[in-house]
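J.: One letter stands for each residue in the lines below.
Number of protein chains: 2
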Amino acid sequence: MKVVLIGAGNLGFHLGQKLYAVGFDVLQVYSRKIANANNLADRIGAKAISSLHKISSEAELYIIAVQDNAIKEVAFQLAKFSLNDKLIVHTSGATHSDDLREAGLNRYGVFYPLQTFSKSKTPDFETIPFCLFANNISDLKLLKQIASKISNSIFEISDEQRATLHVAAVFVNNFSNHLYHVAEQLLNTKELGLDLLLPLIQETVDKIKVASPHEMQTGPAIRMDDKTIQEHLIMLENYPSYQQLYQLLTKSIQESR
Amino acid sequence: MKVVLIGAGNLGFHLGQKLYAVGFDVLQVYSRKIANANNLADRIGAKAISSLHKISSEAELYIIAVQDNAIKEVAFQLAKFSLNDKLIVHTSGATHSDDLREAGLNRYGVFYPLQTFSKSKTPDFETIPFCLFANNISDLKLLKQIASKISNSIFEISDEQRATLHVAAVFVNNFSNHLYHVAEQLLNTKELGLDLLLPLIQETVDKIKVASPHEMQTGPAIRMDDKTIQEHLIMLENYPSYQQLYQLLTKSIQESR
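Top line first, the protein sequences correspond to chains A and B.
This note's numbering numbers the first residue of the first sequence as 1 and each following residue consecutively.
This note's numbering numbers the first residue of the second sequence as 258 and each following residue consecutively.
Simulated from the structure, these hints should not be mistaken for laboratory data.
Heads up, a few of these hints could be off.
As the list claims (entries may be wrong) - With a cut-off of at most 25 angstroms between alpha-carbon atoms, the simulated DSS-like pairs for lysine-lysine come out as follows:
1. A/209 <-> B/466
2. B/447 <-> A/144
3. B/275 <-> B/259
4. B/464 <-> A/18
5. B/466 <-> A/121
6. B/447 <-> A/141
7. B/464 <-> A/121
8. B/275 <-> B/290
9. B/343 <-> B/311
10. B/401 <-> A/190
11. B/464 <-> A/190
12. B/464 <-> A/209
13. B/508 <-> B/464
14. A/207 <-> B/464
15. A/209 <-> B/378
To be verified - Estimated spans, in silico, between C-beta atoms of each pair:
16. B/504 <-> A/80: 34 to 44 angstroms
17. A/119 <-> B/471: 12 to 22 angstroms
18. B/497 <-> A/60: 42 to 52 angstroms
19. A/118 <-> B/338: 52 to 62 angstroms
As the list claims (entries may be wrong) - Taking beta-carbon pairs under 8 angstroms as the criterion, some of the chain B residues facing chain A (in silico):
20. 351
21. 412
22. 427
23. 440
24. 462
25. 513
Just so we're clear, the structure is a prediction, and the values are computed from it rather than from any experiment.
The beta-carbon is built from N, C-alpha and C at its ideal position, and this holds for glycine as well.
Next up, chain A with everything else stripped away, as it sits in the complex (with noise of 0.2 angstroms):
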């Protein structure tokens, strides 16, 4: 199967490599920096291009991994360069389908993998999530196979969910890994560093891989240890800015029993 690539930011770098490795004939890597787009092309016996008006009319998909601002833009390219009758997807978590339906194609759908995604680290694509959207049956099905040769988790996904999605993978990665950043801010106060909390912070993600987190929340808040809370308060007195988020969550968390 034929796909032209478009983006060779950190998804495209990994996932074109990846659709190689199983098989898929990557016709074109499109970048606006021609050098990212030679140093994939180079690794997957694609094309390199970085005008959109270069791009092939040969292939069977067209994945759109560009940043969300850019999507919309680009399907628009794709649209006016007669590809309105491919298949074409785009790989946001972000980004409703409409918008490629409004810049004019006919089929197209969201080929999303529900991962962060850095270049120096190879990504294990069998474990990622892949949650798929086409606007037509046909479409969702092949899809559905493409997407089963690189993971062996796939869901169909509404755009509506995918929002939910989205939203939800802010609270756990970004979000998260703020929390260690404060975590560290602190510990860097008293000399001490971030590796001290690896195995509790690696322990709190396997506890939920079996029981519900809600289930395995512990701490001062929701043992309502008003002490605790108090002491850890006045501790943080010099850090408005995580004191304020230290109530904030002992709040969440106490609304929550």
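Chain A is already provided as a structure; the job is to place chain B on it using the hints.
T.: Relative to the frame of chain A, chain B by itself:
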């Protein structure tokens, strides 16, 4: 070496078995509930007691592994039963070592394994950071020797440092877990489960094992993506408490830029 273990909760249950496994002679296990004491004592060739006046004076180390709010009272009892000159440690992250001194003990310390324990899961003690303190150098040396038979991760930690570790642990363990709960609640409203986010949650943790969370921060907050932030806040309108959390965490991330 002879040890008495006071407390047979989650920590006591696992620590007692580990001490036994690496060759310590656990003389007695105390619990207010004799059944709990028996359950552990039977596994490690110890005698179960449910009243502190039966406590042996033969041990070289007494480990208090009871709930935080009971530590001082237990220490008073031990002083009353003439164990003032024995080495007595507590295992708490949140309790000042002064509580042991004020109870009348002369040789006291802290033997704090920085991990969360649940009865059903055998912890991997080798990787758990043990935070040690003693009020004199020879006892500190002794605690280090003992801990090094259990764990490869030994730290000398002052009361002040331990207090900061404990607040930081609340952020990374209790508060992160609450964010997982929030995510699960949001997903459930759309007939989705938290399992979809588990690979992302694990990856978030894997990343901070190789780089600081500050470097690893991603998402709408750090990239000042007001459009996405506003969309998320609108989606959270029916969950004012989660909306508040979203706003405050976003603000805190942006202040850390």
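J.: If you test the structure against every hint from before, which numbers come out violated?
T.: none
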